[in-house]
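Chemist: Generate coordinates for the entire structure from the input sequences, incorporating the hints supplied.
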Amino acid sequence: MDLIAGRTWSIERRPIRHLDPVLIFVTLALSVIGLFLIYSATHASLAAQHLDLSLYVKKQVTALTLGTILLLLVMTFDYRFAKVYAGIIYGALVLLLILVRTPFGTTSAGAQRWFQLAGFQFTPSEYMKLGLIIMLAAYLSEVKSQDLSLEQVLRATLLAAIPMVLVFIQPDVGTTIVLAAILVGILVVAGARPKQLAVLALSALILLFGAFQLGVVKDYQLQRLTGFLDSNNDPQGANYNKQQSEIGIGSGGITGTGYLHGTQTNLDFIPEQHTDFIFTVVGEEFGFVGAVVMLLLFAILIWRAFRIATLSKDPFGTYVAAGIGSMFAIQMFVNVGMTIGIMPITGIPLPFVSYGGSSLLANFLAVGLLLNIHMRRFK
Amino acid sequence: MTEGRTVARVRFLALFVVVMFVALSARLWFLQVLASDQFRSQASRNSVRVVQTVAPRGKIVDDHNNVLVGNRPSLTVLVNRQRLGSQSSVVLPRLSSLLKIPEWQLRQSLNTDQYYSYTPVPVAFDVSKPQWLYIESNQSLFPGVSVESLPVRTYPNGRTAAHVLGYTGQISSQQLKDPAYAGYEPGDIVGKAGVEQVYEKYLQGTKGVRKYLVDASGQNLGPIGTEQEPVQGETLHLTLDLKAQQIAEESLKLGMQNARNFVDSSQGGLLKANAGAVLVMDPNTGAIVAMASSPSYDPRLFTGGITQQQLDKLTSPGSNQPLIDRAIQGLYPPGSTYKPFVAAAALQTGIATENGQYECPATYTAPSDTTGQQTVFHNWTTQNLGLMSLSEALIQSCDTVFYKFGWDFYQKSPAEPLQRDLGAFGFGKPTLVDLPNEQPGVVPTPEWLHKMHRQNPTAFPRNTWYPGDDIQMGIGQGDTLVTPLQIATAYSAIANGGKVCQPHVASELTGPGLSKKGKPIDPPCRGRLPFTAGQLSYIRSALTQVPVRGTAAPAFQQFPFSQVWVAGKTGTAEKIGQQNYSWFAAMTGKTQNHADYVIVSLVEQGGHGATTSAPIVRRVIEGLYGLNLSAANPSAPND
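Protein chains in written order, with the numbering used here: chain A, 90 to 468; chain B, 252 to 890.
Just so you know, nobody snuck in bad clues.
Capping the alpha-carbon separation at 20 Å, the derived lysine to aspartate or glutamate pairs in EDC-like fashion look like this: (1) B:K428 - A:D141; (2) B:K443 - B:D429; (3) B:K462 - A:E361; (4) B:K452 - A:D141; (5) B:K458 - A:D141.
It is worth saying that the hints were derived from the structure and are not from the lab.
Modeler: Structure (structure tokens):
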């Protein structure tokens with residue numbers, strides 16, 4: 090009897106039986122919806138250039154396939170290996186962030202962000218987010234006390250500050266914000282006190298002010314950030330993106346203009362629409378209903394991440410899951426917020442939906458880690 | 252399970268996220284539900300006017316980067332039919348007297364379905380600056396009329412290589428329906444012949460696009476999006492060599508001119524020599540160094556649209572079809588230029604041997620032909636030349652030796668080893684050269700004859716394959732048809748030791764759309780002749796004697812054979828109702844057996860091979876090696 094019960098228990102507890110189907114569904118739903126939106130955003134301008142109408146969709150499907158393989162690979166080993174190698178992963182990514190500034194990296198639109206490798210783009214900052222999550226989780230999970238001391242909070246901050254500075258000078262303000270949000274999210278869950286967080290916020294403000302004064306921030310970034318505050322600019326000015334994006338989403342109304350029928354979308358009014366402004370396609374073509382459905386999908390995604398944080402058998406898993414949840418939340422918020430005019434334009438992709446291989450792969454790796462923690466939640 | 256405090260902290264974090272969602276939803280509610288009407292009217296006022304600028308086509312250059320086809324700006328008068336509207340009866344006469352173009356011609360240009368009604372139609376190219384200024388400064392007199400500087404093709408070397416280069420013209424309505432031209436718009440200029448047509452998609456370039464935001468009243472609110480500058484098409488590098496091409500064209504022209512003062516040795520009367528082709532090929536790669544076809548045309552006629560009268564003139568029977576590229580589209584019986592191939596096949600099948608001796612009587616009759624009226628096949632001379640080797644039969648071009656081989660091949664039916672080997676040389680199928688409308692030629696077989704008889708019993712009354720079909724094939728007559736390019740490809744294979752290369756005129760594409768190294772065009776030499784190196788060397792040795800003491804000797808008197816090696820074969824092809832067609836095919840190099848070039852000349856109604864074509868080839872060789880140029884004077888054949 091005992092023996093039989095024991096075997097049943099061990100079969101019951103086999104990790105593969107404990108996938109999170111809701112998380113898998115949401116991930117795939119967002120990715121597939123993304124493919125349709127990318128097609129809508131790009132088909133008209135591709136046709137004008139006499140190119141394959143599904144050029145971008147095909148590339149994204151390739152990335153999606155690769156992402157799924159990576160996700161499965163990440164699930165096969167115990168997530169606690171990530172803790173063992175956290176230092177190496179973090180160190181290697183910081184090194185790549187430095188290397189991307191050298192002539193090895195590729196420059197585009199005034200920013201130096203990726204490596205060109207055998208026809209593929211590799212953007213280290215996309216992976217740095219995950220690297221930072223693992224590093225912070227590994228460090229803070231070794232803290233044995235209930236609350237964090239100021240010294241521990243500062244050490245964690247230093248770990249985040251190094252990649253933040255490297256990303257900021259690329260310049261990539263968006264990813265800097267995401268890295269900061271990851272730090273705050275993990276610190277909150279790890280038990281930082283409000284006073285400590287307030288000190289952090291204050292020093293961040295001072296640093297940011299200093300950066301503006303020293304001219305580290307590029308002109309166009311400044312214009313975009315201030316354009317967000319002053320909403321009556323001419324169509325050619327820095328505020329043009331925001332205006333056209335709002336017109337697109339606003340004209341969608343409650344039910345939208347219908348798939349492939351958005352005039353703002355088809356006439357190419359909105360720049361970078363398949364990447365950063367993909368949400369405008371939902372807003373214009375599927376209206377308020379479509380936009381809310383998409384927000385709901387993200388809400389479920391973030392809920393599952395936080396739920397896994399509470400289910401994890403060890404603090405490392407908890408912090409990783411909380412970090413990933415924070416990462417998805419801030420990216421979703423800043424991205425959607427910028428298309429509807431409540432956030433500055435910073436160039437953050439919408440997770441799973443925006444066109445872009447590195448971002449998609451990094452997000453699939455993150456989901457792989459979440460599933461891994463969920464599967465192995467039993468002690 | 253994690254302890255309670257952690258759960259509480261995660262919930263605290265989740266609260267932030269909930270606030271985020273509330274903020275986003277609230278804003279969306281405002282934008283899409285409360286303020287939607289305002290945005291919708293803004294969106295409808297948003298309208299885009301797309302202005303396209305024509306991209307210059309890619310340049311075409313020779314192997315030394317000499318520009319063969321370039322672009323120049325041309326002041327073009329365009330008429331917007333929608334804006335012209337009902338005022339055409341006033342504006343068109345005005346335009347007609349200003350441009351000195353008859354009004355009916357302007358109406359003809361405008362009466363086209365080649366353009367959308369709102370796209371301006373070009374009606375006159377290369378107008379003068381004063382005319383342009385007059386139209387610009389009197390816009391009220393010319394509503395809907397504009398003048399733009401558009402790139403048009405220019406040919407720095409005039410007619411040179413017209414057939415290879417081809418010409419451009421407006422895309423036709425059939426082409427617009429063709430999936431190969433997906434994305435093209437009415438009025439686009441596309442390649443219509445030559446490499447302009449074959450490499451169209453590389454030469455086309457990308458139109459520039461500028462989008463302007465236009466409000467409901469049509470007022471321009473300024474450009475939107477990023478401007479796409481027009482991108483010039485890629486540069487097409489040809490294997491053609493301008494100097495060699497000029498020598499080939501000159502020599503062909505000169506040789507034909509001189510032949511017209513020469514008496515036809517077989518039929519009497521002056522030679523007509525009214526058309527021809529010359530090819531120079533690198534036998535090791537299949538690269539075409541020169542390709543001349545006569546009569547030729549001026550590609551400049553096509554820039555800015557050719558008029559119907561000009562086109563009628565080019566296609567009228569009296570002009571002898573100058574648009575045809577005879578090097579690839581002309582089909583001719585090869586005559587005796589075929590003999591080296593037949594000899595190689597005979598060696599391979601054992602019908603002949605390198606040491607064998609063969610009778611060369613004045614006539615030949617098939618051994619089976621014993622009853623009734625016998626068919627007698629004549630040699631080119633009425634003398635009996637007696638016993639000779641295979642090599643000598645090539646040097647003297649003895650027909651009766653090859654008639655006998657034809658009979659022997661007939662005996663091997665239905666294996667048809669001769670046709671199989673001729674197929675290996677590339678006859679009877681397209682060479683796949685990168686030029687349009689190539690002819691495949693004919694290698695007759697019994698099956699081919701049955702098929703032709705079924706399809707067209709009037710033109711092919713016979714349904715039976717006779718020994719005479721093989722006997723005629725032995726000397727390149729009968730139903731056999733080849734293009735000069737096929738002959739050049741086959742001689743190249745003999746010259747290079749047995750590789751059958753795909754001939755080509757383009758070598759590389761370079762340009763902004765391609766990487767720095769460019770896109771090489773280097774078709775492989777896939778074919779392999781089924782002969783041994785010894786057999787090919789035997790044929791080459793025999794051909795080496797042809798210009799020295801054989802049928803081509805009259806044309807190569809005083810030629811410096813010590814400096815330049817020449818091996819070749821004359822051909823005098825018979826065509827019923829016409830004078831003989833003159834062929835000469837040669838391989839030449841600095842050292843014996845190492846050919847740098849294969850040169851083929853064909854002159855329609857040019858008489859004996861030695862009369863017209865051999866002197867042309869000689870002059871081309873002299874030009875290629877910097878020897879003193881001879882006059883390409885006709886020479887009397889040895890008979």
